[in-house]
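> Please take these sequences and the hints and turn them into a complete structure.
Numbering-wise (my numbering), the sequence shown opens with residue 1 and increments by one.
Worth flagging that the hints you see were computed from the coordinates, not collected in a lab.
Fair warning: there could be bad hints in the mix.
Pair ranges (Cβ atoms, derived) [to be verified]:
(1) Glu93 x Ser60: 27 to 35 Å
(2) His358 x Met1: 41 to 49 Å
(3) Met1 x Thr254: 44 to 52 Å
(4) Asp201 x Glu147: 43 to 51 Å
(5) His358 x Pro316: 16 to 24 Å
Below 20 Å or equal to it, Euclidean Cα-Cα: the simulated SDA-like pairs (lysine to any residue) are [unchecked claim]:
(6) Lys2 x Gly33
(7) Lys230 x Met253
(8) Lys267 x Tyr364
(9) Lys224 x Glu248
(10) Lys267 x Leu229
(11) Lys224 x Met250
(12) Lys224 x Lys242
(13) Lys300 x Pro316
(14) Lys365 x Arg351
(15) Lys242 x Ile337
(16) Lys2 x Thr388
(17) Lys368 x Ala198
(18) Lys368 x Glu195
Beta carbons: idealized from backbone N, C-alpha and C, even for Gly.
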Amino acid sequence: MKILLVQALGYFVSYSGACKANRFLMEGLVRLGHECQVITVTPNDNGLRDHERFAGKLASGEVVRVHLEEHLEIYESNGVSIHTVQSYDYLEEYVQARVEALDPDWVLVTEDRVPSVLRAALRAAAGRVIEIAHSQVALPFGPESYECNDEHFELLRQTTGIVASSQYLSDYLLKWGQLESTVFPFPVHGLGPFEYYANFDDGFITMINPSEIKGLPIFIALAKHFPDLKFAAVPTWATTAKNLQLLEEMPNMTILPRVDDIDEIIKQTKILIVPSLWGEAFGAVIVDGMVRGVPVIASKVGGTPEAKLGVDYLLPVKPIVQYETAVDERLIPIPVIPEQDMGPWFDALARLALDRTHYEEISYKSKKAAEAFVNGIDLGWFINHLSTFLENASGVKKY
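Structure, rendered in structure tokens:
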């Protein structure tokens, strides 16, 4: 089978769950014998422009540049051919050209906050376009959308099918868009076996992607309440300069560099804090920690209950329900943060950080549940299910 993925995300250096999920999906499908190509608008990550890390991938041979011209670069990595268009101005024409050249069985489109990517795919490959939904904020409708867009909404209705990364996201699609979807847990966690880092005697209380939407106020409150514990923050795609300054001013806080391999962070972590305040579509980092035996304290919001797999701790929060009209330096709408009840968070962290027996119990349960989950992810099922979209398509969708 020939599959073309079109996305407005970075591909090679991925710090978001959506980026990593798409890359691992393509590489996994190649291992199953399928031909996979990717068209992306930039070779770098979510606006962070990590040229040094990308250059390292080129130097190591993990990524190979095979073609270069003014507005286009073509790379190969782990069997996948990646075509990076340097401007949206050339996107639609190039998608049309690649569809004609490759004649893909399916065109996958994902995480497009503007309709141009999906529009280009539908014009080039009508009847063969599948939307991959990783986040409700990128959808053009509903109360958690960053930008409602009627044209984009109508384009979604023209797709042959929608794949959602969680049940929460699937429910959102149906409730607010009357769009049916199929839930598929993406292979975002990598290939095992996974190390067992039960770091009770050492390691940080860690938060990845510290930012308002990800619950930075809760993390800051924890660090202030426990001055004798070691905390660490890993700035990624949503972290602003103001967020970073606030973290750097804390005496018990270490700033860890962002990395492409999550294992580099987890092995330094005693307890992972995931205090999201927006509708987290799934929370892949929760499973990343658990599968390595690191207990995770997460907020009960969006799809995080699915990621916690029935293991403690899942704590209540007052989620974000309102955004200002302005955006921050990362082009993310500025949220209005509700005041939080920190009592359950203080209690949970104190017990996990100080009670070895309890820590080891949660560590074991976390690893066991997460390994079962990761081992159950079946790319063969994904491929087989694509055929059902064709069987169910009858020209006009019924909702």
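> Take the hints in turn and mark each one as holding or not.
Tested hints:
The given range of 27 to 35 Å is respected by Glu93 and Ser60, whose C-beta atoms sit roughly 33 Å from each other. Our hint of 41 to 49 Å for His358 and Met1 holds, since their Cβ atoms are close to 48 Å apart. Evaluation of the 44 to 52 Å hint for Met1 and Thr254 yields a pass: the beta carbon distance comes to about 46 Å. About 47 Å separates the C-beta atoms of Asp201 and Glu147, a value consistent with the hinted range of 43 to 51 Å.
The hinted window of 16 to 24 Å between His358 and Pro316 holds, with their beta carbons roughly 20 Å apart. A C-alpha spacing of about 10 Å is found between Lys2 and Gly33, which places the hinted pair at or below 20 Å, so the restraint holds. Among the hinted pairs, Lys230 with Met253 is consistent with the structure: their alpha-carbon atoms are about 6 Å apart, no more than 20 Å. Between Lys267 and Tyr364 the CA atoms are separated by roughly 16 Å; this keeps the pair inside 20 Å, and the hint holds.
Proximity of Lys224 to Glu248 is assessed by CA-CA distance (about 13 Å); at most 20 Å being required, the pair is judged to hold. About 17 Å separates the Cα atoms of Lys267 and Leu229, which keeps this hinted pair within 20 Å; it holds. At most 20 Å may separate the alpha-carbon atoms for a hinted pair to count; Lys224 and Met250 meet this at roughly 8 Å. For the hint linking Lys224 to Lys242, the alpha-carbon distance of about 18 Å falls within 20 Å, and the restraint holds.
Of the pairs offered as hints, the one joining Lys300 and Pro316 holds, with about 5 Å between alpha carbons and a cut-off of 20 Å not exceeded. Under the criterion of a C-alpha separation no larger than 20 Å, the hint pairing Lys365 with Arg351 is consistent with the structure, at around 16 Å. Taking the CA atoms of Lys242 and Ile337, the gap is about 16 Å. The hint holds against a cut of 20 Å. The suggested pairing of Lys2 with Thr388 holds, with an alpha-carbon distance near 17 Å, which does not exceed 20 Å.
Distance hint between Lys368 and Ala198 is fulfilled; the C-alpha atoms sit about 13 Å from each other, no more than 20 Å. For the hint pairing Lys368 with Glu195, the CA-to-CA distance comes to about 12 Å; that is within 20 Å, so the pair holds.
No hint from the list above goes unmet by this structure.
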